[in-house]
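One-letter residues, chain by chain:
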Amino acid sequence: MTRPQRRAVITGVGAVAPGGHGREAYWDLLTAGRTATRRISLFDATGFRSQVAAECDFDPLAAGLTPQEVRRMDRAGQFAVVAAREAVEDSGIDLPAADPARVGVSIGSAVGCTMGLEEEYAVLSDGGRTWLVDHSYGVPHLYGYMVPSTLAVEVARLAGAQGPVALISTGCTSGLDAIGHGVQLIEEGSADVVLAGATDAPLSPITSACFDAIKATTPNNDDPRHASRPFDGRRDGFVLGEGSAVMVIEEAESARRRGATVYAEILGFAGRSNAFHMTGLKPDGREMAEAIRVALDRAALDPGDIDYINAHGSGTKQNDRHETAAFKRSLGPRAHEVPVSSIKSMIGHSLGAIGSLEIAACALALRHQVVPPTANLAVPDPECDLDYVPVTAREHRMERVLSVGSGFGGFQTAMVLGRPADVRPKPRPARRAARRPARKEAA
Amino acid sequence: MSASGIRPGPRGRAVVTGLGVIAPTGIGAARHWESVLAGKSGLGRITRFDPTRYPARIAGEVPGFRAAEQIPGRLIPQTDRFTHFALAAAEAALADATADPARLPEYEMAVVTASSSGGTEFGQHEMENLYQQGSSWVGAYQSIAWFYAATTGQVSIRHGMRGPCGVIACEQAGGLDALGQSRRLLDTGSRLVLSGGTDASLCPYGLVAQLSSGQLSTEDDPARAYLPFDAAASGFVPGEGGAMLVVESAASARDRGVRPYGELLGYAAGFDPATGPRPDGTRHAVLASVIRRALADASLAPGDVDVVFADAAGVPAEDLAEARAITEVFGPGGVPVTAPKTLTGRMYAGGAALDVATALLALTAGVVPHTAGLARPADGCAIDLVLHHPRRTGPRTALVLARGHGGFTSALLVGAGDRRDPEK
Amino acid sequence: MAEFTLDDIRRILRASAGVDEQTDLDGADFADTPFADLGYDSLALLELANRIEREYGIDIPDGDLAHTQTPHEALAYVRARLAEVHA
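Residue numbers (the numbering used here), protein chains in the order written: chain B, 1 to 443; chain Z, 444 to 867; chain C, 868 to 954.
Think of the hints as simulated: they come from the structure by calculation, not from any bench. It is possible that some hints are incorrect.
Computed footprint of chain B on chain Z; a stretch qualifies when at least three of its residues, placed anywhere within it, have a C-beta under 8 Å from a C-beta of chain B [unchecked claim]:
#	stretch
1	559-565
2	593-604
3	842-854
Virtual Cβ for every residue (Gly too), placed ideally from N, Cα, C.
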């Protein structure tokens, strides 16, 4: 059975991010170079090593959730549903009219409903006093907090999906991997529409404490607004964040038929694992470079075709060095020519969610032809010697952009997006044409 | 090429060349299969903690699992029991497949596991440290042991697998979805994928969270606690453990001279937004549609299927919906249906992976194992349930069904290979 | 105040980071074998530092213990910190 070549495009974007409500506010924050990092207010962080975070000012009722939805869902679930609603509205797609079996969902999350799980633990164990926790204090939705799959279930209910639904949990690459999974469902023909994105709400004592224990987060508590400093010589760890972005991804032809406005086409993605260490990274960036190389190959692009790199740029000593090496290794001289930026400087690192927020930022960057900056970047690091777009956003002509992620467990993921085909100049011929197989009609 | 690397044209063949089993029915595929044929149950009163105060006290625990005998000592304190199980099962599966990862291309091997609730017991211990002692008492390994990707990360490190690794969390359906994903990877440049899932949520907080689903059986007699499709069905019993499988392209297995247990012939996944019975009696529709899509994916007709390994929720409305879906596709009594998981309990991320291992062992042995312990089928379940003893009917094709909490619905078809026995 | 010895390092490593079959914590060379060769990585050393901090009530600045290469060096470092604190 011959399958036709199918492609996936982004037609709607929804975001719940620190520093504002919704997609537009998110893009305003990024292009203004404003930072949303502050002292933690969601719990009492006194005594913690790291006491700063990028928090969402999120009121679930004001964001449109019903009281029962608020009771049922943990904060990560609330984020995802609000972001998904905005994405569906933005895309203009009439989901109730779609064949439900052709609608899929792919949501990423690194730590699932950990906030709800911890809050309930504190009650059931009476503040940690008893190992044999008291079930009589259990809330009806406790099991929904224990399994991260709940997050995909909530989005699937919203979408009325009856096609493939998945929760992807590959640590801090969950967002990129979930979007990649959604693209795969469309390309292989299992779905025509996929709500894809990620969500995490990790700002609770247990998650903060575990990053404290490995000294991965910044101890710079005195100046929260400038605490996240990717690629800066003074960087000393990442700043936790929270949020969600969900995108409507559609099969390109059906999106075109309904006259949808396309943000971007997903041209290529690939994942590799370093099989080296659960948290450590080798300085050479070898496996991330390989992921980038394969993603470019699948997109039938050369390094010279990449116009912007949205970096993982977490702000730890080892990550930013590792990543810079990976760009040089995979892109050669082009690494020194393209702007590279880390939006974690503004919205912190929301673990699995960040990849989806970064792809949302890439989609918006392609639409507006503006590169968001790396805030707080003032002191150069000799090992990080690329153009990181310090402090100020930049108008820049972009046809294709690269976004990468790196996560605990050794996961390295790269994704290439392009401006929609109808506004994109024709690709240069020669080897690209030869490598892209001819589109075949359905048998 | 496409963004995901999928090329137009038919899928390549995906075969299973190695099985690693850690289950309440025994450690090792051979011991598990002996228990299945003998109908020997692994269910009993919970021993990992005192369950007296809880309304559900029966579970399937892995007997005699000592991590120190199964995995490197250094990995024990930095991982949860669900990862211990997976590390042990992965090693067994690779040995069974006579695959030496050091001799295969690093980027063409991947690990894809299902995870349901992550390192539950490890997490409870660290939250206890946090709430009793303070934040500085939370250990460094909490950051790598609790999260859902712990197992895939550790297994990839242990075996030097640097391909496109993944973690899928679709509750009880996740095991099939991980295998479905491994089949996709073989089409996009991988040659060998360690895939499957394990679970170990039998700690107090894990059990209490499961209680809130309202689906655990509160029956105290292990022989009566988990009776899917039976008139006396009263919910299900949780189990721990799982299986890891070596999934390989047929070409790779041939090159290595390894006989496969069988082939992954077709797969489909869907989502059922309904919970509980539906007034219009269409509660089974999504599952039936997923079965049909899996058959279409495999280019098979219902008549080609020799046995169905049921999801077997043990909850009457869910059992009825599954029986109706099977009947709608295969006709009343149209195909033998079995659920050896009555011996292990429902194992969350490990359950569906173990069912696929059991199905492959059944195809290899030419035997349809029975569903032990059932007495009287429930009204309305018009299926040919294999009861009392195994049937030696020489099945060649099996369908495995799995449903996960909230609506996940998956189906996987496996075909017989030419392997004889698992490595002992 | 309790003296801090190599046995304490052995005890804490065993409890926190485990031991591999091939690792010999009781061997004559233990004190001068690099942590990496004993099978202990950066996380194991962080955990060692965390536990020493809690048990002995001292503060070990970031990375200090990670910069020691062997149990012997770690012992010297911790003893010096203890002496400072109790001076």
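Is the coverage entry for the stretch 559-565 of chain Z by chain B consistent with the three-residue Cβ rule at 8 Å?
Since three or more residues must qualify, the claim that chain B covers the stretch 559-565 of chain Z holds, with 4 doing so at under 8 Å.
For the stretch 842-854 of chain Z, does the count of residues with a C-beta closer than 8 Å to a C-beta of chain B reach 3?
Check passed, 5 qualifying residues.
Examine the stretch 593-604 of chain Z for residues whose CB is less than 8 Å from any CB of chain B, and state whether their number is three or more.
holds (count 9)
Going through the hint list in order, the structure satisfies each hint without exception.
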